[in-house]
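Student: What follows is each chain in one-letter form.
There are 2 protein chains.
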Amino acid sequence: MPVNIPTLTAEQLLPVSGVTLGIAEAGIKKPGRKDVLVMLLAEDTQTAGVFTQNRFCAAPVVVAKQHLSLSAIRALVVNTGNANAGTGEAGMQHAQATCAELAKLLNCSAQQVLPFSTGVIMEPLPVDKIIAALPTAIADCKPDNWFTAAHAIMTTDIVPKAVSKQIQLAGKTVIISGIAKGSGMIRPNMATMLGFIATDAAIEKTVLQQMARFVADHSFNRITVDGDTSTNDSLIIAATGKAGNATITTTASAEFMQLQQAVTDVAAELAKMIVRDGEGATKFITIHIENGGSQEECNKVAYAIAHSPLIKTAFFASDPNLGRILAAIGYAGIQDLDVAKIQLYLDDVLVAEQGGRAAHYREEDGQRVMKQAEITIRVVLNRGNATTTVWTCDFSYDYVKINASYRS
Amino acid sequence: MPVNIPTLTAEQLLPVSGVTLGIAEAGIKKPGRKDVLVMLLAEDTQTAGVFTQNRFCAAPVVVAKQHLSLSAIRALVVNTGNANAGTGEAGMQHAQATCAELAKLLNCSAQQVLPFSTGVIMEPLPVDKIIAALPTAIADCKPDNWFTAAHAIMTTDIVPKAVSKQIQLAGKTVIISGIAKGSGMIRPNMATMLGFIATDAAIEKTVLQQMARFVADHSFNRITVDGDTSTNDSLIIAATGKAGNATITTTASAEFMQLQQAVTDVAAELAKMIVRDGEGATKFITIHIENGGSQEECNKVAYAIAHSPLIKTAFFASDPNLGRILAAIGYAGIQDLDVAKIQLYLDDVLVAEQGGRAAHYREEDGQRVMKQAEITIRVVLNRGNATTTVWTCDFSYDYVKINASYRS
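Going line by line, the protein sequences match chains A and B.
This note's numbering puts the first residue of the first sequence at 9, with every later residue one more than the last.
This note's numbering puts the first residue of the second sequence at 9, with every later residue one more than the last.
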């Protein structure tokens, strides 16, 4: 079951002026499931995106990157049940056909449409089913449909993921709403599974693109469930400009920083929801690495811990077998690491220092923290000033169960 | 259950002239368990070793490396139930005390003893129990005790791991016998969990050390169970010189190459046994990467596949959800990888080419191979001439079960 995600209600989600959303049931993998989402954007909306670094990236990722660089985007179309990845030339044609068909219905150009897919890899996309469902999705489009949209992009997700936030920006009220999906194959590299965030703030496209990179690096790029970087990761941020604020034209302005922080907050909350709903997750684990020699070495240590099956299963069992964390720090790849300088904390409990177990550490203190649903691992390297934070979950029977039966 | 390991019998293991082995029950973790092994080496035995690269390496690893560089080794002492890793200065003293005590009983110097430990990390070594058990272990020493010795070094291993081989070397009969242990926390990096190989061949120490590196790189360094590199990995090769062959003094000789191949065969068989008995393993998987641009990139692809929880659980389920393999190839970290050039095979079945599913691939062919207990994944990168092979296993409920309860 998801770890501490409050039940989402439709009322918590704020419409973003200039954005409407509609869904349909195309029967892509099985009938009777919401599996197509269309998101329409008002004229003059600025759109930015970051995408997976996986070399086997999906056809829709290739097409979306291209369209984003060429045109003002007017619509997003998302399907679940099939990733359209590892599908070669036919997959490219299917992604393009989806865009062309939606464009025809909306009276815009195909390049103004961004396609997204998520689901099983290396199976042909049933593009005819998607195209047939588009009129229904368009007819369903309305501003207050974020709640339904969050449901329509779920795959192995147990709960929908959506967040809204309202800020005051230079005297104007600005809304930010976002949805995301993802539960397994989660170790975003420069992007996320699927995340769509919209705001009515006014901001130039090049500035928004720089913001998107920062937002990804401080939210979705800081989570991992199983270390598997997806072929389809995409984060899109659309800004409709309807809030009436003076258009943000530079990253140097106070308004940029304020908006960037608010969008990052929304993205980080969505990203953490993905971990809380990670496949089979029973614990939410925050890993802080402090006083590292560089960001890179902090990341190495954080991900060595976050990806260790031994550590993840120990957390599942609430067993303070914490020597496994020392082992992961030791093999993280820092060649000149002096283990005698390291401190390891579990929440506020000092577990290890001077190369071994801390003198005052008591098993019952470790046990107490391990039983919690939310745990922070803190590693102080004492080599410099760099820090990093990664969010992950434990590894349970249900992870194996879910992934041993996902296609069936 | 272990995958295709024939039942070992004492008769299959050949004594090595100059080597005796004895065991004891020290009650380190629980009573009534064989948990101490002593291996005595004749005078003039040459010994070489390779050890874990983990920066949190265990105290016995530090001591063993030091002793190996200083002295002619006369004895090895191994305990299970406690890794003596992450134990700081006290751990060093315990490892040294164990050596000193055994040396006193054997009338040699402490530097002529190599200590080894395996078990739980970051718990104090009950050194008094080990020392108290040494006389019993010494009294038990005999040449035909390899079978019992293989049992005495087991932890979560289900079956003991031992191999003997006999070759003719320049007209003399040479014996090679080896034992190993390991089941979880297995991703040896320049060494293995614990592997001890002895031969009666005559060979100089510096030449033997070069051989040890080659042997490790072509056996234990090619396996992974869970990607967790242990703090205690050690591979020791001892050559007693009792076979009567002319001492091998150079790596350029035919005898060196012949002996190296034979020792590598023994080591590779032991290494594969560790995978076959990997924690929770139900499948033995060989990963061949071919026509890579470099050894390094072949390794990146092989280990991305070998460590993916999604791929490992799909193998457990016999589900040919093979797009997950494409995803792992794509995120392995080769920035300029052209996925259109790659071929993916499962045994003899061509699964993917030209960036997607192969035209003639049929689900039932993939299904047939996935149901086997032994499966080869072959990835042809078509970028150069480098190749690599990695052996691994699947990921089952039992891996979670074993590691969620290992300490209790």
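Derived from the structure by calculation, the hints contain no laboratory data.
Be aware that a few hints might be false.
Chain copies aren't distinguished; within one or between two, either way the pair holds.
[Unchecked claim] Pairs of lysine-lysine residues, derived as BS3-like cross-links and limited to a Cα-Cα distance of at most 25 Å, are as follows:
#1 Lys-409 to Lys-112
#2 Lys-409 to Lys-379
#3 Lys-213 to Lys-379
#4 Lys-38 to Lys-409
#5 Lys-409 to Lys-37
#6 Lys-150 to Lys-137
#7 Lys-73 to Lys-349
#8 Lys-112 to Lys-173
#9 Lys-112 to Lys-137
#10 Lys-213 to Lys-73
#11 Lys-349 to Lys-180
No experiment lies behind these values; they were computed from the predicted model shown.
Student: Using 25 Å as the alpha-carbon threshold, which applies to Lys-409 and Lys-379: within, between, both, or neither?
Tutor: Answer is both: 23 Å inside a copy and 17 Å across each meet the 25 Å cutoff.
Student: For the identical chains here, do Lys-150 and Lys-137 meet the 25 Å Cα criterion within one copy, between copies, both, or neither?
Tutor: within (22 Å within a copy, 74 Å between copies)
Student: Go through the copies and call it for Lys-213 and Lys-379: within, between, both or neither, with a Cα cutoff of 25 Å.
Tutor: neither (46 Å within a copy, 52 Å between copies)
Student: Is the C-alpha distance from Lys-213 to Lys-73 at most 25 Å within one copy, between copies, in both cases, or in neither?
Tutor: Answer is within; shortest intra-copy Cα gap is 14 Å, inter-copy 59 Å.
Student: Could you place Lys-112 and Lys-137 in one of the four classes (within, between, both, neither) given a Cα distance threshold of 25 Å?
Tutor: This pair counts as within: shortest intra-copy Cα distance 17 Å, inter-copy 80 Å.
Student: With identical chains, the pair Lys-409 and Lys-112 could be close in the same copy or across copies; at 25 Å between alpha carbons, which is it: within, between, both, or neither?
Tutor: neither (43 Å within a copy, 54 Å between copies)
Student: Which holds for Lys-409 with Lys-37 at a C-alpha limit of 25 Å: within a copy, between copies, both or neither?
Tutor: Classified as within; 20 Å inside a copy, 32 Å across copies.
Student: Is it within, between, both, or neither for Lys-112 and Lys-173, if the alpha carbons may be no more than 25 Å apart?
Tutor: Answer is neither: 34 Å inside a copy and 73 Å across each miss the 25 Å cutoff.
Student: Pop the pair Lys-349 and Lys-180 into one bin, within, between, both or neither, using alpha-carbon distances up to 25 Å.
Tutor: Classified as neither; 50 Å inside a copy, 53 Å across copies.
Student: Which holds for Lys-73 with Lys-349 at a C-alpha limit of 25 Å: within a copy, between copies, both or neither?
Tutor: So Lys-73 and Lys-349 pass the 25 Å test across copies only (22 Å; inside, 45 Å).
Student: 25 Å Cα cut-off: does Lys-38 pair with Lys-409 within a copy, between copies, both or neither?
Tutor: within (20 Å within a copy, 33 Å between copies)
Checked against the numbered hints above, the structure breaks hints 1, 3, 8, 11 and satisfies the rest.
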